[in-house]
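Visitor: Be aware that the sequence shown starts at 1, since it is given in full-length UniProt numbering, and climbs by one per residue.
No wet-lab data here; the hints were simulated from the structure. Keep in mind that the hints are not guaranteed to be accurate.
Think about it this way: if two alpha-carbon atoms lie no more than 30 Å apart in a straight line, the pair counts; the simulated DSSO-like pairs of lysine-lysine are [as the list claims (entries may be wrong)]:
#	residue 1	residue 2
1	Lys86	Lys35
2	Lys86	Lys394
3	Lys248	Lys33
4	Lys319	Lys35
5	Lys319	Lys86
6	Lys241	Lys35
7	Lys33	Lys241
8	Lys241	Lys319
9	Lys33	Lys319
10	Lys33	Lys86
FRET-style restraints, in silico, Cβ to Cβ [as the list claims (entries may be wrong)]:
#	residue 1	residue 2	range
11	Lys287	Ile75	27 to 35 Å
12	Thr323	Leu282	44 to 52 Å
13	Val437	Gly109	32 to 40 Å
14	Leu282	Ile72	21 to 29 Å
15	Asn274	Lys394	50 to 58 Å
16	Ala294	Pro440	23 to 31 Å
17	Leu411	Val331	48 to 56 Å
Cβ atoms here follow ideal geometry from the backbone N, Cα and C, with glycine treated the same way.
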Amino acid sequence: MDVRKPQLRISEFEKTVKAEQDVFDESPESEIKYKTLSWQFVALLMISEIVSNGMLSLPSSLAVIGIAPALILIIFLGAFGLFTAKLLIDFKLHHPSVHNMGDAGYIIGGSILREILGFGTVIFAIFATGGELISGQQALSTLSNQGLCDVFLVLIFAAATFLSSLPRTLGSLSWLGLFSTALIVISGTVGMVGAGANPIPGRVISATINNNFYEAFLAITNPVFSYAGHFMFFVLISEMKRPQDAMKAAWCLQGFATLFYVVFALVIYIYMGNAVESPAFLSLSPKWAKAAFAIALGNFLIAGALYIHTAAKLLYVRKFRHTRHMSTHTVLGWSIWIILCLGTTAIAFVLAVALPIFSYLIGLTASLFAAWYTYGLAGFFWLHDTYHLRGGQKAIRERPLGTTVAILTILAGAFICVAGTYVSVQLIINAYREGIVGSPFTC
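Model the full assembly from the supplied sequences, consistent with the hints where possible.
Guide: Below, the structure written as structure tokens:
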């Protein structure tokens, strides 16, 4: 009698069950508790991460394509982002083992897609961290009247951001989300009041503006990527006490972001006109710019800490998933965690100060990765789960509307990726042609 075959079946069954376990399968004895977030604090952390820099680039979009198309686009993308968030959340609830986009890629496309999406998440988080470091440098430079070399300002801000990212759980950062959201509202309000108090004389305001594809899509990328925070959704939901409530957080995020984006972009543009700069606070008078940047500085720091935490957490979970280093305070665990946070910060700092075209590369990475994480991949998630969980091709055929929308979502992600990449590359080419690219490590 061959007794090995039943043992093989049991082994495969156990392997499958383990693969679909919650990534943070905690016991009462666990020293580190991850699943502590309420949906309210998840919403605040989402707002901290997504709205952080998003609002500051939007007024310049109105200056390129006009009020009407820009506002329509902001509202549409807010609704579209809510729809794709629903698809991502459903996928996470169906697959509790998913902790990040790499895990999701493994389920829908195997090991190769896992590596691509995992690598993309880390790269995008690093570049987003660098973006926050640059925002922090701009704020500090404004507050100090350009009194210190920009490289030193980035270094100072990077050190503070690194320290803020060190808590091992998102629950430990949750109250920072409340603080950060308050800073967003206050700094935005100060910016709007400052614009109204000192409007640009002779400003030009346009309802619509005709532009070529390059200029128009360049302006469109601002609202498109102002919602590009979905790459963190799986990480955040994994640490919720009740992942089933994640959609409440998504409603709060998209509702707040869309309303605040519309109000802020419209008010700033009305008082600044087509001469508005990006980030918008640079268009304010020195006094009001300092006030707005001083308040927003804390938000830049918290958003940067969340990005560092996300990159480090993905790599840490990949290494120590379902080991004692996840749930207990071990020397090895803490050493690796600190090294990952420090490494992420260091790479972001070096890229931000060493690459003169870094700001353009942020747009390029957003086009290559965020376009899929926020929009296109959601369509694949729906198609995968409908096929595998609802009855194969028959289930796909019986849902023509859902299938059509899923395919259109994938095509939208592809279009944003290709067009955004083209615009980003063209920006870099133009910058070199016009001689506006500086030198690395310069003040």
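Visitor: Next step is simple, just say for each hint if it's right about the structure.
Guide: Quick rundown of the hints versus the structure:
Straight-line distance between C-alpha atoms of Lys86 and Lys35 comes to about 21 Å, which keeps the hinted pair within the 30 Å bound. With a C-alpha separation of about 23 Å, the suggested pairing of Lys86 with Lys394 holds against the 30 Å cut-off. Distance hint between Lys248 and Lys33 is fulfilled; the C-alpha atoms sit about 23 Å from each other, no more than 30 Å. Between Lys319 and Lys35, the direct Cα distance comes to roughly 19 Å. Compliance with the 30 Å bound is thereby established for this hinted pair.
A C-alpha spacing of about 29 Å is found between Lys319 and Lys86, which places the hinted pair at or below 30 Å, so the restraint holds. Between Lys241 and Lys35 the alpha-carbon distance is near 5 Å, which keeps this suggested pair within the 30 Å criterion. Between Lys33 and Lys241 the CA atoms are separated by roughly 10 Å; this keeps the pair inside 30 Å, and the hint holds. In summary, the hint linking Lys241 to Lys319 is supported, as the alpha carbons are separated by about 23 Å, within the 30 Å threshold.
Restraint check for Lys33 and Lys319: the C-alpha separation of about 18 Å stays at or below 30 Å, so the hint holds. The straight-line distance between the Cα atoms of Lys33 and Lys86 is roughly 26 Å, inside the 30 Å bound, and the hint therefore holds. Under the hint 27 to 35 Å, the C-beta atoms of Lys287 and Ile75, about 33 Å apart, fit the expected range. A C-beta distance of roughly 48 Å is found between Thr323 and Leu282, which places it inside the suggested range of 44 to 52 Å.
Under the hint 32 to 40 Å, the C-beta atoms of Val437 and Gly109, about 37 Å apart, fit the expected range. At roughly 26 Å, the beta carbons of Leu282 and Ile72 sit within the given window of 21 to 29 Å. Distance hint check: the CB atoms of Asn274 and Lys394 are about 55 Å apart, consistent with the given range 50 to 58 Å. Hint check: Ala294 to Pro440, Cβ distance near 29 Å, so the stated range 23 to 31 Å holds.
One distance hint, 48 to 56 Å for the beta-carbon pair Leu411 and Val331, holds here, with the actual separation near 50 Å.
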